[in-house]
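Colleague: The task is simple: from the sequences and hints, build the whole structure.
Just so you know, the protein sequences line up as chains A and B, in that order.
One point on numbering: in our numbering, the residue at position 146 of the first sequence is 186, and numbering is uninterrupted.
One point on numbering: in our numbering, the residue at position 28 of the second sequence is 22, and numbering is uninterrupted.
It is worth saying that the hints were derived from the structure and are not from the lab.
You may find that some hints are simply not true.
Unchecked claim - Ranges of calculated distance between the beta carbons of each label pair, as one might list FRET restraints:
#1 212/A with 176/B: 25 to 35 angstroms
#2 4/B with 138/A: 33 to 43 angstroms
#3 192/B with 159/A: 34 to 44 angstroms
#4 163/A with 4/B: 32 to 42 angstroms
#5 159/A with 159/B: 56 to 66 angstroms
#6 52/A with 78/B: 38 to 48 angstroms
Unchecked claim - Below, simulated BS3-like cross-link-like pairs (lysine-lysine); rule was C-alpha separation at most 27 angstroms, straight line:
#7 4/B with 718/A
#8 22/B with 449/A
#9 711/A with 308/A
#10 4/B with 171/A
#11 449/A with 27/B
#12 426/A with 672/A
#13 369/A with 574/A
#14 369/A with 336/A
#15 166/A with 43/A
#16 114/B with 169/B
#17 169/B with 89/B
The beta-carbon is built from N, C-alpha and C at its ideal position, and this holds for glycine as well.
Next come the chains, spelled out residue by residue.
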Amino acid sequence: MPKLTVDGIEVEVEAGATVLQACEEAGKEIPRFCYHERLSIAGNCRMCLVEMERAPKPVASCAMPAADGMVIKTDSDLVKKARNGVMEFLLINHPLDCPICDQGGECDLQDQAMAYGFDSSRYAEKKRAVKDKELGPIVKTIMTRCIHCTRCVRFSEEVAGVGTMGAVYRGEDTEVGPYIEASINSELSGNLVDLCPVGALTSKPYAFTARPWELKKTDSVDVMDAVGSNIRIDARTGEVMRVLPRTNEDINEEWISDKTRYAIDGLKRQRLDRPYVRKDGKLQPASWDEAFAAIKAKVSGLDGKKIAALAGDTVDCESMTALKDLMGKLGSPNLDCRQDGSKIGGPRASYIFNSTIAGIDEADACLIVGANVRAEAPIINSRLRKRWRTTAGDFKVGIIGEKWDPTYKNDYLGAGPETLHEILDGKNEFAKVLKASEKPMIIVGMGALNREDGDAVLAATRAIAEKYGMVSGEWNGFNVLHTAASRVGGLDLGFVPGEGGLVTNDILDGAAKGDIEVVYLLGADEVDMSKLEKAFVIYQGAMGDAGAQAADVILPGAAYTEKNGTYVNTEGRAQQGWRAIFPVGDAREDWAIVRALSGALDLTLPYNNIDAVRSRMVELSPTFASLNVPTKAEWTDFGVSGDMKSDGFVSPVRNFYMTDPISRASVTMAKCTEAFVKDAAAEKVA
Amino acid sequence: MSHLRRPAPKELQPTSFAFTPENQEKAKKIIAKYPEGRQQSAVMPLLDLAQRQTEGNWVPTVAMDYIADMLEMPAIRVYEVATFYTMYNLAPVGKNFIQVCTTTPCWLRGSADVVDTCKKELGIGVGETTEDGQFTMIEVECLGACVNAPMMQINDDYYEDLTPETTKAILDVLKKGEKPKAGPQSGRKGCEPIDGPKVLKAFCGCGAAPQDADASEGDA
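Modeller: The following block contains the structure:
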């Protein structure tokens, strides 16, 4: 542990730390452009120069390893002058177009020029101009502004795993970008916009819409997948302008996927902004009272067994709690939060990502079963890639299921259950890898569990986990990867069939046969609506998607940006998001709608504010008692051993960019689909 | 920036590339030189091999992709190398690729005259190729032969101690399809002083006996 002195302050840093990190430890701010904590060190911007005793000239602190006894000065005249010089050079070719630059107000160069810039330029020659690059529907480029920090190059190579960006040509002609025109085919490309310290890479969908100082910033949680990425929603005058990542080392570090970031424009289209009631076969605008009256007319006196409820993939735990309680009061055991019919919901350890996402950093082998992690949870895939990179390839990954490109080295083992058998019997090569590793993990996707033989697959994967020591002591490497933000929360709350209740598929079949007369869809759009034609369908949600079309009564709910909500991610970590803007039109927060409906039905639920709902949630599951930390689940028996079908596992996510009503309504996601999804391009031609 | 430092237009880019069987062998040997796990270091010699194999003495994009595949590295990393080093041509050049050094030492010794002679003799400007595709002439920065300035490089050979006359003579020989003698055109063998060697004369067979040589060295 080297000890060094920074501006007279003695600090001790970990071995391998840099001088820059030591300076930060001492509370000194070091200006920088190319240095980024999560990327490799480039040392090419020279902005972080500091004075080091006994060194003949200023040193780049980001690339200088901290050593014992170093004496560093960060505020001497020499340092100031050196940085002024660097800044002057950077500004030689940087256009002074801040008024028309989208980075204005949150630009590192702009900010640091305030401290180290000169009031006028001494450079009389022509500035250079660089041709803009076409990087696809998400990243907009104005390459003349590029200062060649190569953060984007390192990010795409190291984190995203797509070698698209590079620094080509040399000297004055250096250009950052792809040599041949190519879009950045990565689910994480939006992060380039955050990384770029200047306005060279900016957001295409957000271009020229707002200035950072006009935005109201609200902390929230993403619902586009089950990762629960921490986000910040920036809104202006009741409109969500953009979504940015919030740093959470345990979940998303500081990245978010493109869907998380850009699907929000879907919230401006196809919204349900007022109640509707179906009259004469047509949905007609109605008041809340009319909508509730229509429901009351249908429901009162009806046997609870003829009523069913399904919760969708993006709903919050508060509304599921309220609906579960309402169904209880109606005497219905038919409720399910598993739209895809997946066979999960046993002991808690059987349906969460037990090792936690940060636990990937400790694992030394990973078996992925029936999950296209890159499409289902790009953030987790980048974590796997990070593990593979930091171990210099010693992190072995085996894939069972469809073939997909994870961006890191992997062994493709087979398509389906047969390969599971081989591993279990130790006949597969990968069995040796698992056996030799100390902390192996298995990731079981919905593609493996949403089949009829899901129970048997679950039992087989559990057997593999047992056999190869994936669960030992503190380590639990049995992981289920969800695709729906609401799923774990729903299972924790017990939004599953009660005694004698029906699961999703039985509810649908029952509705088709006429046994189920009322179906309450809480943001559920992914089920086969044709089976609900006979039933009286209540749809509560924010988006006018499949569920709303099949509905007899529509209750307009709030989108995730418009309500305070609790979500439990795939690790079983409960997190709360805050309301960034108010719901559109007559729409209301979802738990409040259910509460109001319960009043109209004379079955009043016992809570009048969200805190009371949350107390009820704690009653239902200890998950909600401790926010932001995943609670460990006890390892017990689960799954039902049995025969598995020979069909290969198929990931439920066919198109990363469109998985839920919000992303399906998003223009940006449609453009991405067209640009990046091969099947979609082929469909268009056909 | 010279057009040779920009990728050739699509019409000129071939659609496929593969090493010839002989070059395959060479490539294998080149790759084998690098320690396990460092095979990507072979990118530079392989690019050179590809350039030599390609008609027009250049590296088409498909060749870079081919090498990237061969070394299991992202294509962009190969593009970065190929676009950085000026010895790789990104567009086709003439059969005789003339690079005249015009950096200060050569310029002081008359490189401007050499350039002018090339222009006049070949009827092309800097960075251009003759209509018959025989010659391409460009100006380059220091090629590290300042002692023998001015100089030019034609394909793999250095021609040094140039004058307008010797330059013309070299071009004439090339025009005939023959290869002129490489090296200094002034009669000196290497980079010794123009009026003969001053040291170690005994060993180069051009001076006095060894003991005298010692004395004369002392004087100098």
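Colleague: It remains to establish, for every hint, whether it holds in the given structure.
Modeller: Do the hints match the structure? See the list:
no.: 1; hint: 212/A with 176/B: 25 to 35 angstroms; result: 33 angstroms, holds
no.: 2; hint: 4/B with 138/A: 33 to 43 angstroms; result: 37 angstroms, holds
no.: 3; hint: 192/B with 159/A: 34 to 44 angstroms; result: 58 angstroms, violated
no.: 4; hint: 163/A with 4/B: 32 to 42 angstroms; result: 37 angstroms, holds
no.: 5; hint: 159/A with 159/B: 56 to 66 angstroms; result: 57 angstroms, holds
no.: 6; hint: 52/A with 78/B: 38 to 48 angstroms; result: 41 angstroms, holds
no.: 7; hint: 4/B with 718/A; result: 24 angstroms, holds
no.: 8; hint: 22/B with 449/A; result: 23 angstroms, holds
no.: 9; hint: 711/A with 308/A; result: 16 angstroms, holds
no.: 10; hint: 4/B with 171/A; result: 18 angstroms, holds
no.: 11; hint: 449/A with 27/B; result: 25 angstroms, holds
no.: 12; hint: 426/A with 672/A; result: 24 angstroms, holds
no.: 13; hint: 369/A with 574/A; result: 24 angstroms, holds
no.: 14; hint: 369/A with 336/A; result: 14 angstroms, holds
no.: 15; hint: 166/A with 43/A; result: 47 angstroms, violated
no.: 16; hint: 114/B with 169/B; result: 14 angstroms, holds
no.: 17; hint: 169/B with 89/B; result: 11 angstroms, holds
The structure shown violates the earlier hints numbered 3, 15.
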